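There are 2 protein chains.
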Amino acid sequence: MSEKTQIHRHPELGSEDRGVIDAILDNGFLCHVAYLRDTRPVVIPTLYVRDGDRILLHGSPASGIMRAVKRGSPLSIGVTHVDGVVVARSGFESSINYRSVVIHGVGRALDGPEHRTALDRIVEGLIPGRLADVRPPTPKELRKTSVIAVSLADASAKISDGPPEDEAEDLGSGVWAGIVPVTIAYGSPVAAPDLEPGLEIPDYLTRFRSS
Amino acid sequence: MSEKTQIHRHPELGSEDRGVIDAILDNGFLCHVAYLRDTRPVVIPTLYVRDGDRILLHGSPASGIMRAVKRGSPLSIGVTHVDGVVVARSGFESSINYRSVVIHGVGRALDGPEHRTALDRIVEGLIPGRLADVRPPTPKELRKTSVIAVSLADASAKISDGPPEDEAEDLGSGVWAGIVPVTIAYGSPVAAPDLEPGLEIPDYLTRFRSS
Numbered sequence: 003m004s005e006k007t008q009i010h011r012h013p014e015l016g017s018e019d020r021g022v023i024d025a026i027l028d029n030g031f032l033c034h035v036a037y038l039r040d041t042r043p044v045v046i047p048t049l050y051v052r053d054g055d056r057i058l059l060h061g062s063p064a065s066g067i068m069r070a071v072k073r074g075s076p077l078s079i080g081v082t083h084v085d086g087v088v089v090a091r092s093g094f095e096s097s098i099n100y101r102s103v104v105i106h107g108v109g110r111a112l113d114g115p116e117h118r119t120a121l122d123r124i125v126e127g128l129i130p131g132r133l134a135d136v137r138p139p140t141p142k143e144l145r146k147t148s149v150i151a152v153s154l155a156d157a158s159a160k161i162s163d164g165p166p167e168d169e170a171e172d173l174g175s176g177v178w179a180g181i182v183p184v185t186i187a188y189g190s191p192v193a194a195p196d197l198e199p200g201l202e203i204p205d206y207l208t209r210f211r212s213s
Numbered sequence: 003m004s005e006k007t008q009i010h011r012h013p014e015l016g017s018e019d020r021g022v023i024d025a026i027l028d029n030g031f032l033c034h035v036a037y038l039r040d041t042r043p044v045v046i047p048t049l050y051v052r053d054g055d056r057i058l059l060h061g062s063p064a065s066g067i068m069r070a071v072k073r074g075s076p077l078s079i080g081v082t083h084v085d086g087v088v089v090a091r092s093g094f095e096s097s098i099n100y101r102s103v104v105i106h107g108v109g110r111a112l113d114g115p116e117h118r119t120a121l122d123r124i125v126e127g128l129i130p131g132r133l134a135d136v137r138p139p140t141p142k143e144l145r146k147t148s149v150i151a152v153s154l155a156d157a158s159a160k161i162s163d164g165p166p167e168d169e170a171e172d173l174g175s176g177v178w179a180g181i182v183p184v185t186i187a188y189g190s191p192v193a194a195p196d197l198e199p200g201l202e203i204p205d206y207l208t209r210f211r212s213s
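For the record, the sequence lines run as chains A and B.
Heads up: the first sequence runs through residues 3 to 213, numbered per the working numbering.
Heads up: the second sequence runs through residues 3 to 213, numbered per the working numbering.
Same shape as in the complex, but just chain A (with noise of 0.2 Å):
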């Protein structure tokens, strides 16, 4: 209903600047990956790191994205986070504050020395501080998992962001307007039932991604 929400059409909006692409990549670790299977659109969620100028994605060599990738086929991802609830005055502007970014490429298979060292950037990038805890990946693990490098070339961030923005004729109409926050809370970690008695939580996860 607001122009705000339908923000693929507000360029204006856009933002190329590397930086604010990167923060907004580094905020999260779930992204929403689109790929061609067969001639239709085909879209998946599944964990992303930012590894400098590209981003990783990882799977089952069998999965329906490592499939598309090895066909060449192009992929479009979405990163998005929500940061408020916008309550505008009318309808047609109540919307939501977000920050994303959409990345357009094709995905490298990475093999070898880059694909051990890109498993451990994923483990950190999804846990930072947990890369010295984890022993090695077996070879049998390394076989089991494939991962992809798709440049951050073509990415583009869109960030709304502010109060509601209603029509001169709707204030002071008597109707409440405003933001409802949004954020993502980690809670406290809680111990896997067979974890043996009397170790302590990581520093890295009390903390967990307030960086």
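Calculated directly from the structure, the hints in this document are not laboratory data.
One thing to keep in mind: the hints can contain errors.
Just so you know, same-sequence chains aren't split out, so a pair can sit in one copy or run between any two.
[Stated by the list, open to error] Capping the alpha-carbon separation at 20 Å, the derived lysine to any residue pairs in SDA-like fashion look like this:
1. Lys146 - Glu167
2. Lys146 - Glu171
3. Lys142 - Ser75
4. Lys72 - Arg42
What you are looking at is a predicted structure, and each value in this text was computed from that prediction instead of being measured.
Following the hints, position chain B against chain A.
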């Protein structure tokens, strides 16, 4: 990188139960829609609301998605809620817990009374309780807002839940394992700077989406 994160290759996690699908959809308002532009997939974030056996999307008639629908483009729509970060003893089993729905279909443009009713549903879907407080859309706003319906006939849900599932040989390795819970937090509403004094925050915003 746990197998559980590669949710597209885990049919055993799948659910076609409509109650499950509806509950996941009703828990959110942001989706990622993939459509075809020429022969490439394009993914964009946009708002949605479930309306019975279909979901409704809206946007400018000039938006990429509305033009794609007019061309008859197939759509793929993903909705994902992250419930936790699975901190396993190995990188391979580390992952996220999530609930997701993927819908495949085509968009049908709504017009006339159906279009008008859908806009009300969209307002109420984003901000439950709001419809009674906002004025009706103007003719200009109606013209500027296309609405499409996509059937839930081809929708599937995937859910990953529970503690890490480490290999037997990784248990007792002295490495902490468990879950970091992830939730969406809706904060206290913040009044618009141009709000007239003395207006109280409506009840439906102080308990926003906490049904």
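Alpha-carbon proximity between Lys142 and Ser75, which holds within one copy, between copies, both or neither at 20 Å: neither (27 Å within a copy, 40 Å between copies)
Indicate which option fits the pair Lys146, Glu171 if close means a Cα-Cα distance not exceeding 20 Å: within, between, both or neither. between (60 Å within a copy, 18 Å between copies)
Intra- versus inter-copy proximity for Arg42 and Lys72 (alpha-carbon distance at most 20 Å): both (16 Å within a copy, 16 Å between copies)
Is it within a copy, between copies, both, or neither that the alpha carbon of Lys146 lies no farther than 20 Å from that of Glu167? between (50 Å within a copy, 16 Å between copies)
In this structure, the one hint that does not hold is number 3.
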